[in-house]
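S.K.: For chain U, the structure is supplied; the task is to place chains V, B, W and F on it using the hints.
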Amino acid sequence: MPKFIKKYSKKVGLPPGSLVHIGEKHSDISKITVVDYSKDHYEEKNVTALEDCRSYLEKNSTTWLRLTGIHDTQLVQSIGSLCNLHQLVLEDILHTNQRPKVEFYKEYVFIVLWLIYYNEDNDSTKYEQLSLVVGKNFVITFEEREHGLFDTIKERIEHSQWREKDLGSDYLAYALVDVIVDNYFLVLESKSNKIEEIEQSFFDDTSAASARSLYKQKANMIFLKKSIWPLREVVSTLLRNDSTIIKESTLPYLRDLNDHTVQIIEIIESIQDLLTSMLNIYQSAVSNKMNTIMKVLTVITTIFVPLTLITGIYGMNFKYMPELEWKYGYLTVLAIMGSIIFGMLVYFKRKKWL
Amino acid sequence: MPKFIKKYSKKVGLPPGSLVHIGEKHSDISKITVVDYSKDHYEEKNVTALEDCRSYLEKNSTTWLRLTGIHDTQLVQSIGSLCNLHQLVLEDILHTNQRPKVEFYKEYVFIVLWLIYYNEDNDSTKYEQLSLVVGKNFVITFEEREHGLFDTIKERIEHSQWREKDLGSDYLAYALVDVIVDNYFLVLESKSNKIEEIEQSFFDDTSAASARSLYKQKANMIFLKKSIWPLREVVSTLLRNDSTIIKESTLPYLRDLNDHTVQIIEIIESIQDLLTSMLNIYQSAVSNKMNTIMKVLTVITTIFVPLTLITGIYGMNFKYMPELEWKYGYLTVLAIMGSIIFGMLVYFKRKKWL
Amino acid sequence: MPKFIKKYSKKVGLPPGSLVHIGEKHSDISKITVVDYSKDHYEEKNVTALEDCRSYLEKNSTTWLRLTGIHDTQLVQSIGSLCNLHQLVLEDILHTNQRPKVEFYKEYVFIVLWLIYYNEDNDSTKYEQLSLVVGKNFVITFEEREHGLFDTIKERIEHSQWREKDLGSDYLAYALVDVIVDNYFLVLESKSNKIEEIEQSFFDDTSAASARSLYKQKANMIFLKKSIWPLREVVSTLLRNDSTIIKESTLPYLRDLNDHTVQIIEIIESIQDLLTSMLNIYQSAVSNKMNTIMKVLTVITTIFVPLTLITGIYGMNFKYMPELEWKYGYLTVLAIMGSIIFGMLVYFKRKKWL
Amino acid sequence: MPKFIKKYSKKVGLPPGSLVHIGEKHSDISKITVVDYSKDHYEEKNVTALEDCRSYLEKNSTTWLRLTGIHDTQLVQSIGSLCNLHQLVLEDILHTNQRPKVEFYKEYVFIVLWLIYYNEDNDSTKYEQLSLVVGKNFVITFEEREHGLFDTIKERIEHSQWREKDLGSDYLAYALVDVIVDNYFLVLESKSNKIEEIEQSFFDDTSAASARSLYKQKANMIFLKKSIWPLREVVSTLLRNDSTIIKESTLPYLRDLNDHTVQIIEIIESIQDLLTSMLNIYQSAVSNKMNTIMKVLTVITTIFVPLTLITGIYGMNFKYMPELEWKYGYLTVLAIMGSIIFGMLVYFKRKKWL
Amino acid sequence: MPKFIKKYSKKVGLPPGSLVHIGEKHSDISKITVVDYSKDHYEEKNVTALEDCRSYLEKNSTTWLRLTGIHDTQLVQSIGSLCNLHQLVLEDILHTNQRPKVEFYKEYVFIVLWLIYYNEDNDSTKYEQLSLVVGKNFVITFEEREHGLFDTIKERIEHSQWREKDLGSDYLAYALVDVIVDNYFLVLESKSNKIEEIEQSFFDDTSAASARSLYKQKANMIFLKKSIWPLREVVSTLLRNDSTIIKESTLPYLRDLNDHTVQIIEIIESIQDLLTSMLNIYQSAVSNKMNTIMKVLTVITTIFVPLTLITGIYGMNFKYMPELEWKYGYLTVLAIMGSIIFGMLVYFKRKKWL
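Chains as they are written, first to last, in the working numbering: chain U, 11 to 364; chain V, 11 to 364; chain B, 11 to 364; chain W, 11 to 364; chain F, 11 to 364.
Simulated from the structure, these hints should not be mistaken for lab results.
Beta carbons: idealized from backbone N, C-alpha and C, even for Gly.
Take these hints with a grain of salt, some might be off.
[As the list claims (entries may be wrong)] DSSO-like mimics (lysine-lysine), calculated; alpha carbons at most 27 Å apart, straight line: (1) B:K359 x V:K359; (2) U:K299 x F:K362; (3) F:K164 x F:K35; (4) W:K136 x B:K359.
[What the hints assert, rightly or not] Computed far set for chain F versus chain W, every beta-carbon distance over 12 Å: (5) E174; (6) D192; (7) S349.
Just chain U, with the same shape it has in the complex (with noise of 0.2 Å):
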């Protein structure tokens, strides 16, 4: 099953605000890095005192400010007090059990999202956390371990040949999220091939891993569901909002995310309903190959059932049995035998059991 709640315990009893990271610790080392970019220059850094940040926030290029491995929480408030967020934005960047939402603050949007990690081996799906602020003129992330998954936009954006560098905050936060939902057409993708690898085998092969397998589909699917629906409330709530952060430059991006936030549901809806008829039709396959294991048992039971009746009849040792007299007595039983096996065999072939 894939994890729908998280280890909740050790928040309850807290009150709310409290800086506590709840999650797993996915990596050691908490690791900042910088990216400053403006129509004509850009720069990437390791930041090892956050200080230095400040100076690239001032500067009216924008800033994307990565935090990698958010269980430090002294460093999570420390960007907090740098930036001005809110008690409640910290708290829910370090509960790592939050629905992806967004939400509207006078100097900067905050988004909490899913990341969704497909495990290509034991074929199940997993998410973490991701919690952006995007500000006037920079972009923080909060990233819960280490992934190559912003590889592409730091590159594109570096070598841009079109305009993309001049697009500013909300253009980064777009460039984010459509990696984000692009990952799901890709885990889609992959398994929409192992689906039509099922359906080419379950007519024939009934065994349980088939069933397995349709389960699997089953769960993965309701987790993908499950995630992507507040990801598309996230888009849609983006693309009707009034803030000033979000350009109107940038809209036309967001309704195309917004389409294929749909375009996803309804693959994941039309993928699940197809499972559900494949699991009807496999558990109608189980029974027909019942239905032939019986003909075979009922076909075998009544052919020698029969025969083995006339055999101890004239291996009961009464005196007097005439038949066991006649010379051709032995023959005559073994002929009618014969007839006996021969009839059924054509009766079964009638009612196609054979």
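M.R.: Okay, now just chains V, B, W and F, sitting in the frame of chain U:
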């Protein structure tokens, strides 16, 4: 399984607006055809140099520009510049992974649709993307491969006895969408016939083949439903629009189209309900058949096993077994066995097992 | 399967507004009848020349023009010109493939409905299209074949003791639709009785026939539900309209009609739920019967096979088998076998298998 | 099956507003009772001549006019004239086939409800129609038969220690509806107990009786749900109305009633979900039992059939069978058979079949 | 089955506003505790005479009055008079059969909630009613029995390092509801673990115990879902209210609460979907196991029954059976039997039955 999702991986990581063709390459050559008509003239021409089209577009007559084979990104780009199409529109035309949609731009309306192809041979249904750009006096269609579906429209316009020649580009767009919707009816008609065939046999023929056909029809319906929903949205959006390109005179036709899409959805849902019922009944039929088989087995076993025991008893080699010496021992035993058979048959008859 | 979709192929490729009759030809002759009445007169006449109707239509009295047999496209066209009907209306009348709907024109209201026919013999339900054109002082009905359903209305008006003669064309239209809705109740009543019959037997009679009846009722309900939904839309649209043709005084009757359609939908849905429950229980009943059969088989096998082994043992031809020489060997074995049977019976009794 | 639909055929073909009693005749005599009360007086009387009621209605006190037995259309008509009721209202009172509804007229509010009767004996649920006409200072109830459900209300008013006597006709109407709603809770309580009983036994007792009880409860719930939905609509319509007959002071009570109907719907839906789960589990339990039976059969067969073969071999009459001559041949064979039994038992133990 | 409905019968027939305790009596003594705090003081006291509370309520500090054990209707009535509570409010507090709801009165807000108790031992979930009256500077809680759930709140307030002491009565109410919501997460966490356990075993362990656990979890989820829906309504009503008692500063906390209830609903629905899938797969697994058993039976029968026939043949006592005289007759028969076994084994191996 109908393909719900096309190869997506190629796109991931590209900036929005990148012109890369995504999808299968269905034909080798890209072909441009121009159909130009007004109240009193009709012209049809294959175009080699795109510049030749400019004169048609500038004239007041209605121009239908058809591009067949969209893998030639260069050509699509040229058409884009010729008609001032937005970069994101061109991207959507090339990424044949779009959900059907309609977008209103100042100078034109952009519509993405699915052409449903039904393959009678393997009872499978596929689709290709059809993109339409509808301008004041022109329609551009981007088609993935050559198909004859729009031939009747060309003929109708050419030999128009009615005022179709006079109705402009929005009517032409309607006529194209109408063909797509009509095609759904044809597909549903053929499915409907196939389902009726299954319906007449599946009570008696509980073979795996019945289940397989049921599954195929279910998968088909899931696919059709998934594809008609966004089409309906497209039609009803066109109906409610306030773009100047869709003229009032075309609205009654669009209303008709809307009625048809609603009807198609209702037919599909009814067929889905019916298929679900059929599958349930099919499962009962399989179980019923099993009961029949088991009854045969049980009747045979119940009759012959006790008889075999009797023969076994008188086949024992005890020295002192008085019955063996009796003159009519053998006949008595045969008579007893006969009456057991008779009694059992009466019993099973009464229990309605025979 | 009830036919959800009629022969559609004939239409494909035709321009909108083409007058081609689509559907089965139900009768050979097209017949026109005129019923004309006002507060103090009533007249009924078969018309041969359509021109004879003009005088009726021009009078102030309420005129009901009935066309039975709509395959005569020429006749439909003439009626259309007589009353100034739109070309698309005439097309809808002839294409008997319409979803029930209501359309408001300036001079008249156009209503398409389904007349449900229930065939008691093969428990199937069919429909034919009924098109109504309701004008200020006339109602035109286009009926596919002769049926007696509207006779009571004619009689009621003719011998009207109440003010029905006085209520005008919209009331007449209401009365016609009311007959259709009442017919649903009659159909549901007959189904309801049939289902009750099945209900009383299907626990015990797990034959395939039960499943077949259940399936038939399910298919019937799917069909009825599909047909009543658009009818309800028609009625509630009529209720909310602001056309001058539907007078205020008719609204209470339409409200009543609306209540009835809602009630029909609720009854159908309840029956569907009930049928689903019955099918589930039926499947359990089949499985339960199987258990009963298997118990018999197992009991018989378990009792007789060990006994047969014993007789087998003493049927062996070993030279040195001391028991065979014992005087009471045979009786001892019989006694042992008897006590095995007794023990087994007690055991199965306790396990509640008998 | 609970009756979802009453005999309808009698009505078909009648003009609207015809006063014909539809439904079973539940009692022979129609009885009129008058309860009249105000702050400081209470009077209860059986009325024979309807005219006697007029004085009560004209007084300022609250008058409750009860008609028990509505088959006397003449009487209903007289009451109608006495209180100026609309012809369609009288029709609805007599056609006991109404969906619960509320209609606001100028002088009165007309409410149709269902009184749910639960029959403990055959665990079935029936309903009868209760029509209420609520005027400024009177309530008229039309009841199909005598039932004691409203006795507590009469007593409460008579011995009112609270201000109930003072609250007028709309409060009285509320109190009557409240009794109906309370009755639902009682019905649900009894069902709930029955379901709990089934729940405790159906894992072990997979007999057909369990399935039958489950089915009955399912059918009951479908019926209850179907009947409570329109009741809820009635209550919430009363709550939102702006009729002068429902006074502000009664709204808190209606709000309470509304809460209760919502609660009833939620309880019914939860029970339905539960019953569906129980049915699914029941089906598994039946299959599981089958597995158990089959295991017994297979174990017995697998152990004894090979042994029987061995005895068969040494029962053959070949001349040269060396083993037969061995001194310990018999014992050896017995030993071998014993060890086969032992080995098999161990094997099945390991496979957890025993 | 979780109890969806409490003993209701006691109430039926009573006038609204009657103070009768409905529900189980959970504790013998009713206890009143007062917690009073403001920015700089904190006091906690057990109260014996209710009058002692008046001074606290009149002070400006926040007062939390707890009544544990609500069966003492006299005491509830006194608290009601002390704080001017409406008679219907007191009735709702005593009738522990309420659907969670919130009602706004002029001087206070009345909230009814369910406290969910999870019993780890028998994996059952029960609830008790918690009624809250939130006034300007006080909160009164009516609890059915003593439970430790609110202890952390008391401690948090007493040792408040944050400004919780300063936030007033509406924040206190929020904190209490928050505990209830947090409890849902804990319950879901424990269920989630249990379901994961089942998930790991139910493919192999198709025993009735698995089905029983699945059923229990399903019933639990139905109960949880039924209880969380009205809770969500309560929270979102509080969020949208315009009462002066809920201050703006509390809204962010309520928003957070709202997010959590939505998340809980989504988790429950996902788990329900998963359980349905598991049940379906479980049913297949049971059928699969049956197939395995049947295969064993069929293989054994198919191999041994024909062999037994052969031994039967040569066990017959015919005088003229030439084979019996052959020297190697016995060995030949043994060899034939051996090759039949071998052939069968190969055959079944190929059919993948072994």
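S.K.: Now, for every hint given, state plainly whether the structure supports it.
M.R.: Do the hints match the structure? See the list:
1. Between K359 of chain B and K359 of chain V the alpha-carbon distance is near 24 Å, which keeps this suggested pair within the 27 Å criterion.
2. With a CA separation close to 12 Å, the supplied pair K299 of chain U and K362 of chain F stays within the 27 Å bound.
3. Straight-line distance between C-alpha atoms of K164 of chain F and K35 of chain F comes to about 26 Å, which keeps the hinted pair within the 27 Å bound.
4. Among the hinted pairs, K136 of chain W with K359 of chain B is inconsistent with the structure: their alpha-carbon atoms are about 41 Å apart, more than 27 Å.
5. With a minimum CB-CB distance of about 33 Å to chain W, E174 of chain F clears the 12 Å threshold, and the non-interface call stands.
6. Its beta-carbon lying about 24 Å from the closest one in chain W, D192 of chain F satisfies the requirement of being farther than 12 Å from that chain.
7. With 12 Å as the threshold on Cβ separation, the claim that S349 of chain F sits away from chain W holds: the shortest Cβ distance comes to roughly 15 Å.
Checked against the numbered hints above, the structure breaks only hint 4 and satisfies the rest.
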